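Following the hints, position chain B against chain A.
Number of protein chains: 2
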Amino acid sequence: MRETLRLQPVRRRSRPVNVRGVIIGGGAPVSVQSMTNTDTSDTRATLAQIRELQAAGCDIVRVSIPDRKGARAFAEIRKETDMPLVADIHFNFRLAIAAIEAGADKIRINPGNIGPAEHVKAIAEVAIDRGVPIRVGVNSGSVQPQIVESSSNMAEALAKSALGSVRMLESLGARDLVLSVKAASVRETLEAYRTLARSTDYPLHLGLTEAGTALAGTVKSSIAVGSLLEEGIGDTIRISLAADPCEEVRVGHVVLRALGLRERGIDLIACPTCSRCGVDLIPLAEAVERELGAIAAPLSVAVMGCVVNGPGEARAADLGIAAEKGGGVLFVGGEVVGRLREEELLSALVFEAKRLAAEWRPGTVGLGREAMRTPECVVHE
Amino acid sequence: MRETLRLQPVRRRSRPVNVRGVIIGGGAPVSVQSMTNTDTSDTRATLAQIRELQAAGCDIVRVSIPDRKGARAFAEIRKETDMPLVADIHFNFRLAIAAIEAGADKIRINPGNIGPAEHVKAIAEVAIDRGVPIRVGVNSGSVQPQIVESSSNMAEALAKSALGSVRMLESLGARDLVLSVKAASVRETLEAYRTLARSTDYPLHLGLTEAGTALAGTVKSSIAVGSLLEEGIGDTIRISLAADPCEEVRVGHVVLRALGLRERGIDLIACPTCSRCGVDLIPLAEAVERELGAIAAPLSVAVMGCVVNGPGEARAADLGIAAEKGGGVLFVGGEVVGRLREEELLSALVFEAKRLAAEWRPGTVGLGREAMRTPECVVHE
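Chains as they are written, first to last, in the working numbering: chain A, 1 to 381; chain B, 1 to 381.
Same shape as in the complex, but just chain A:
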């Protein structure tokens, strides 16, 4: 058996769109987005959150611009960071134009609430003129009522709304478009994106809308975004959670890593424990996850409680332990390197992980913010 065989999704072909050096589509690694939830006009708080998001591995940050004051603050924020910034606009086309003029790297508009076609045209003209991509971001909560009426279900309405906006923007000469069709329902979201994937070659921004709290939102987003990525659909993702935005980024990276699409940080393989478990494993696994949370190197670490599956998993990982009564066997690179007492396990795993991480040489992307491997890299390595 070729032990290293990776079963990665074959990705849908899409056009590349450049957002300040981060490419969305065109076979580029799937980027991870999030959105600030500070008061945008509090530039200090917003910049601080942008920096936290950057440190957590966020590739592109969206900032909402609710009013003139927000637009002025956005111009200040733009000067203070080189993170790719997307301006999120609802209702008011003048704010969209102000955001583009302030240096937005992309704007997101929702055709359901931007008003008459002339307003969309006014935005498009400025965006095309300045080479700023537009995301057409349709949400189930605010899709145009006349489209909802004429559709047999919400998935169809979402796709129709997005494709209608695409035709309109194309007629104005726009080509740098990214599309999203988010529902709160997983199945509606899946069907809407599948329709888009069949109908256009624009890159797709995946996500659910109003996904929920950390637990429910993580589950629903993982299913929706994960299923689509596994089908090869999706070029950039945002996991919406009613939680700290950095949590959205962490979940996003776990989704991408789970599918072999991108690897950043520790892949912790841990068993759920049962009566065979010889050590206090859950606190150990949690401590390992916590202590290694800042590592960007893609390392698999197995924390296993017994001799049934333990040795197999620990051997297959970059690093791991298979516990036995009161201690465990340490594996590094598939080899047994020692037998440790329970109280030594955490420090040994942390020490070895940091050592392996220091040896690892990152590939970079975009502005070099972040270590990543693309599926292509993995195949050729």
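Hints are computed from structural coordinates only; laboratory data are not their basis.
Wrong hints could be hidden among the right ones.
If several chains are the same, the list does not tell them apart, and a pair holds so long as it fits within one copy or across any two.
For lysine to aspartate or glutamate, the following EDC-like pairs were computed, each having C-alpha atoms within a straight-line distance of at most 16 Å [claimed, not checked]:
(1) Lys325 x Asp67
(2) Lys325 x Asp39
(3) Lys69 x Asp42
(4) Lys325 x Glu343
Bear in mind that the values here come from a model prediction, so they are computed numbers and not experimental data.
Same frame as chain A, now just chain B:
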């Protein structure tokens, strides 16, 4: 638009297997399993955990039997609960026989570690004689080495191992079989289950092995189990987490609800908040989730921060608020029922949810432990 259209997966046809009244397969609602992680021979602790799992919505509980002492304890536990119990056996076929004789409702064996074929036969004979179903539970960490050698990848090895055991058990006359093929990798797991789904009509128990801590395990399991269920594959699920087993049950129900397969408890729709948010929404959403955690009635509750998507989502939910500066609009059954101050929002949502839950009349399944709607019910309502 038919607003209530549900897009549920069309499920693969599988044979029904009866586990103490809970049907796995045959179109029955997807059941949620977990596993105790107490020392099995501590019967008091194990029974306490079984009761906690039952209260959390677990349909079937697995208990590992590592030794003779565990088998004796299992017999005691069996007498004290009518929860469907699965005995988990590794290595020792005599323990499997002891567990069947002690009243196990199903046994789980791993062909990779049960030893020579005569041992599997000895188990099968007793199981068939007593009408006890067998789960053939193959894991990537312990699949037979000779099968791994002769396979081109782990997904193939997992499916081969399971199908080989099926043929052997069928030759002995066994028909009440449930199959699982769990890898720690999402893609390997997906491919292995897809192969089984094409090759047999036995019901499938879905899960990943060694999925990881609460966060990583929830993401990986949601993608794997969610993708398969969305394809119509899967009859019973276990979300393996290195965490409290009750958490596995909670995540399992969120996965099923997200796909419209089963509805238990509150479906909380919450927005991730942005600078438009008029109230302190994340703590409010978390408090609503916490206060309504014990409700079994399937209610959707929207907690939305602004007027962009808020009214649409709040109107579509059974109950919801769309916040505005310092307060919010309360929706019940799609109608505006009042405008509240921020400090009134939590108590109003909790009051209305409890009122709606009290009006709701549960459908039941199995031993009537739990409220659920099946897709069929939803369609006909």
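Hints versus structure:
For the identical chains of this complex, Lys325 and Asp67 are inter-copy neighbours only, at 14 Å across copies versus 62 Å inside a copy, given an alpha-carbon limit of 16 Å. In this assembly of identical chains, Lys325 and Asp39 lie within 16 Å of each other by CA distance solely across copies; the values are 13 Å between and 53 Å within a copy. When the C-alpha separation of Lys69 and Asp42 is checked against a cutoff of 16 Å, the pair qualifies only within one copy, where the shortest distance is 10 Å, while the shortest distance between copies is 64 Å. Taking CA atoms no more than 16 Å apart as the test, Lys325 paired with Glu343 passes inside one copy only; the shortest distance there is 12 Å, against 52 Å between copies.
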